[in-house]
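2 protein chains.
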Amino acid sequence: MTPTTTHELRAELRRLLSEGQDSAVVDLLEGLHSADVAEIAQELEIPEVLAMLQLLPAERWTDILVYFDDELQSEILENFTGKEIAEVVLENIDSDDAADLMADLSEEKKREVLQNIEDVEYAKDLADLLTHAEGTAGALMATEMVQVNENWTVSRCVREMRRQAEEVEVVHAVYVVDDHDILLGSLSLKKLLTTGARTPIADVYDRSVRSVTSTTDEVEVARIMKKYDLFVVPVVDDMGRLLGRITIDDIVDVIQDEADSNYQLMSGLSDEVEAGDGLFEMTRARLPWLMVGLVGGILTSTVVGRNEGELALLPQLAFFMPLIGAMGGNVGVQSSAIVVQGLANSNMPGTLWSRLSRELGVGLLNGLLCALAILAYSWAVGHGLLFAVAVGVSLLSVIIFASLFGTAVPWALNHYGIDPALATGPFITTTNDILGLSIYFAIANALLG
Amino acid sequence: MTPTTTHELRAELRRLLSEGQDSAVVDLLEGLHSADVAEIAQELEIPEVLAMLQLLPAERWTDILVYFDDELQSEILENFTGKEIAEVVLENIDSDDAADLMADLSEEKKREVLQNIEDVEYAKDLADLLTHAEGTAGALMATEMVQVNENWTVSRCVREMRRQAEEVEVVHAVYVVDDHDILLGSLSLKKLLTTGARTPIADVYDRSVRSVTSTTDEVEVARIMKKYDLFVVPVVDDMGRLLGRITIDDIVDVIQDEADSNYQLMSGLSDEVEAGDGLFEMTRARLPWLMVGLVGGILTSTVVGRNEGELALLPQLAFFMPLIGAMGGNVGVQSSAIVVQGLANSNMPGTLWSRLSRELGVGLLNGLLCALAILAYSWAVGHGLLFAVAVGVSLLSVIIFASLFGTAVPWALNHYGIDPALATGPFITTTNDILGLSIYFAIANALLG
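Chains as they are written, first to last, in this note's numbering: chain W, 645 to 1093; chain D, 645 to 1093.
Just chain W, with the same shape it has in the complex:
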């Protein structure tokens, strides 16, 4: 039986490695894409991964290395000297991947690698790339690209492209610069294919190229590329000089990471947690928010405790405590999520006040409908009209309050430079529990006390 699933392939690979069947390992990996090999290797032990990589030609195993996650990459690279990394690993990959690989190395190792790169220009490029702060366009870009001078002709341009293409794996775009490397525009391959050889580049290039600066936040780069449907965007410095380019495949990762991070904050998971993680990683990712919930629960218990007397007189009050808390939590999360998504998509029209007044409307409408429903129910099951009114009015108040609170909190967090998605998780639910129950008891006190 030929192994086909990742799981089967991993078991087979493990067996072959342990038995030292080197040529069978090579045969097994032969037909697989590097991304698939990386997926298989991701769950192996480090010595197994090293043994596997050693059997493959340098070009192949560096290609596989690029698909490993950051953690595995560092663990593997620890086993190589700076000289080996410079001469074997970096020879075979693009500068953005190279910078990514190197970012997690120690400062000492980084220096060692850079000193061992033969091509001094490339070493400089790489050193430059490493200076850009994580999460900026500079950290995301690669320096491999085809650039031509505005004063060239189409035929010189094609000759130069042929030369540069030796180094550049895929031609995403051709950028036109002046003598000072200032980005002027771009040239489509279509134009290049359909224009006479003697035509000056200056006559045919497109001047409307959209660029980002190296300090632009990666989320903003993603927004721009999505909005304008760009495949590749050039990166310039503050002077307008062309530094590199970012391709949309890197942006896909940014979008996915951003979405994952918002999702995890909402679900009360901290850090990057994956389904495959072990018991302790899992606990570490989950416990902090549970502790927040626990502290919130304790505070709630004191709110209830302070109203013990009322509860003793009217035990039915306890019946609707969970409902009030849950509805407040639900409404709060809804409101917060709308703000967080609006901010993430830069689609947040109006001011905080116009936003709050709209939420007030939504809260009133939803609140009235829910309040009438619960009033009717509790009256119908025989709780008495005044009690039913108290529950209904409480629910209405809690829904309106949660709408406003859920809107204002992420807005305020964002205003002070804190991730607004923090406001969608257990934090908002817990706070709404506490404040919701306080409102409930206050209204019950006023109406029934």
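There may be inaccurate statements among the hints.
Where chains are identical, the list cannot tell them apart; a pair therefore holds if satisfied intra-copy or between any two copies.
Under the rule of at most 35 angstroms between Cα atoms (straight-line distance), these lysine-lysine pairs were calculated in the DSBU-like manner [unchecked claim]:
# : residue 1 : residue 2
1 : Lys-768   : Lys-727
2 : Lys-727   : Lys-870
3 : Lys-754   : Lys-768
4 : Lys-753   : Lys-727
5 : Lys-754   : Lys-727
6 : Lys-834   : Lys-727
7 : Lys-753   : Lys-768
8 : Lys-870   : Lys-835
Calculated directly from the structure, the hints in this document are not laboratory data.
Go by the hints and put chain D onto chain W.
Structure of chain D alone, referenced to chain W:
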């Protein structure tokens, strides 16, 4: 003062349109990208949008139309005859955008459009595109691409590319097919630039091209393109014949939509809701889940009601009700979110049973820590040891239960072809509230009753 923000530009545009200053409108829009114009137009009234589009050349306003959201696109297209759509709109856009635009038209209008397309081959292509089910690779692909025959030479290939490039806006990839249009591989521009003119294509093309079939789910296409870092992927039919290609910019939208949809389900929002939506759209998106929460709350109230006697004897039991409910909800959402994300990223190692046993471990560990904390707290504030133990044991049980339940529910939904993300919203919180409180009262009954 020159208007610069979208908001200012919209106000200015509105003023100029109402005053009939046509040339000023054209000047205002001149320097703007079509995506920016679309963003401005998105909040205008339909007659305003129509008036604006009429002032622009056909090429320009069709480009703007492509950036509108589906709803606005249909509303605008309703004002055109099938003939106008065929002759003006479709002339200027790619086939995938054309199929998108047409998808929302009535069947009658679709037929009218197709009958008015002069190029019969293109009409056939478009009719084919319209047959693909939404959410499949076929519905996402465009038919514009450069394809060459394996028997050609490099020079014939370049000649053909020049000819085809007249129709194809951007050359993403060159596909190699045999005489029956069966996809054989791809040809990189680099190879084309660096190979002698007489070389046969068969000698230089890359045979390892990865393709998808037209019925492949779009989420699977996204996964494949992300995993293998593809910019463009060819789409074939079941015979392997080349039908079209999907570029990564379309996949970016798929990824974003999928993430947004999971996010909205978790936050208890139905439908697509945006920060800019009006009061009634907002209410419609939010009320359904609130009703789920309300019904859940009513069920919870009956659980509490059935334990009225116990509550009367031990009023402190009420103090910790919100805590038990909230913690169950938090843990349940954490567990579900991990499963949903794992399924979305196709990163879900192991079987349901191995998953559940791991969750049991996480639940035990988290549960014990939280239970000890609450036991210590409630004992310290003087609730009595037995009561403190009852609260602690309840919390432990609820956390373990919620971990397992939160894992099993999305798994089961997915197994039966239902979106597992449904399990992360108010549904899981509400159910955990009900079951959590039942567990709480049962344990309290057993230990304290």
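Here is how each hint holds up against the structure:
no., hint, result
1, Lys-768 <-> Lys-727, "within (16 angstroms within a copy, 59 angstroms between copies)"
2, Lys-727 <-> Lys-870, "between (40 angstroms within a copy, 32 angstroms between copies)"
3, Lys-754 <-> Lys-768, "within (13 angstroms within a copy, 58 angstroms between copies)"
4, Lys-753 <-> Lys-727, "within (9 angstroms within a copy, 67 angstroms between copies)"
5, Lys-754 <-> Lys-727, "within (10 angstroms within a copy, 64 angstroms between copies)"
6, Lys-834 <-> Lys-727, "between (42 angstroms within a copy, 30 angstroms between copies)"
7, Lys-753 <-> Lys-768, "within (16 angstroms within a copy, 60 angstroms between copies)"
8, Lys-870 <-> Lys-835, "both (24 angstroms within a copy, 30 angstroms between copies)"
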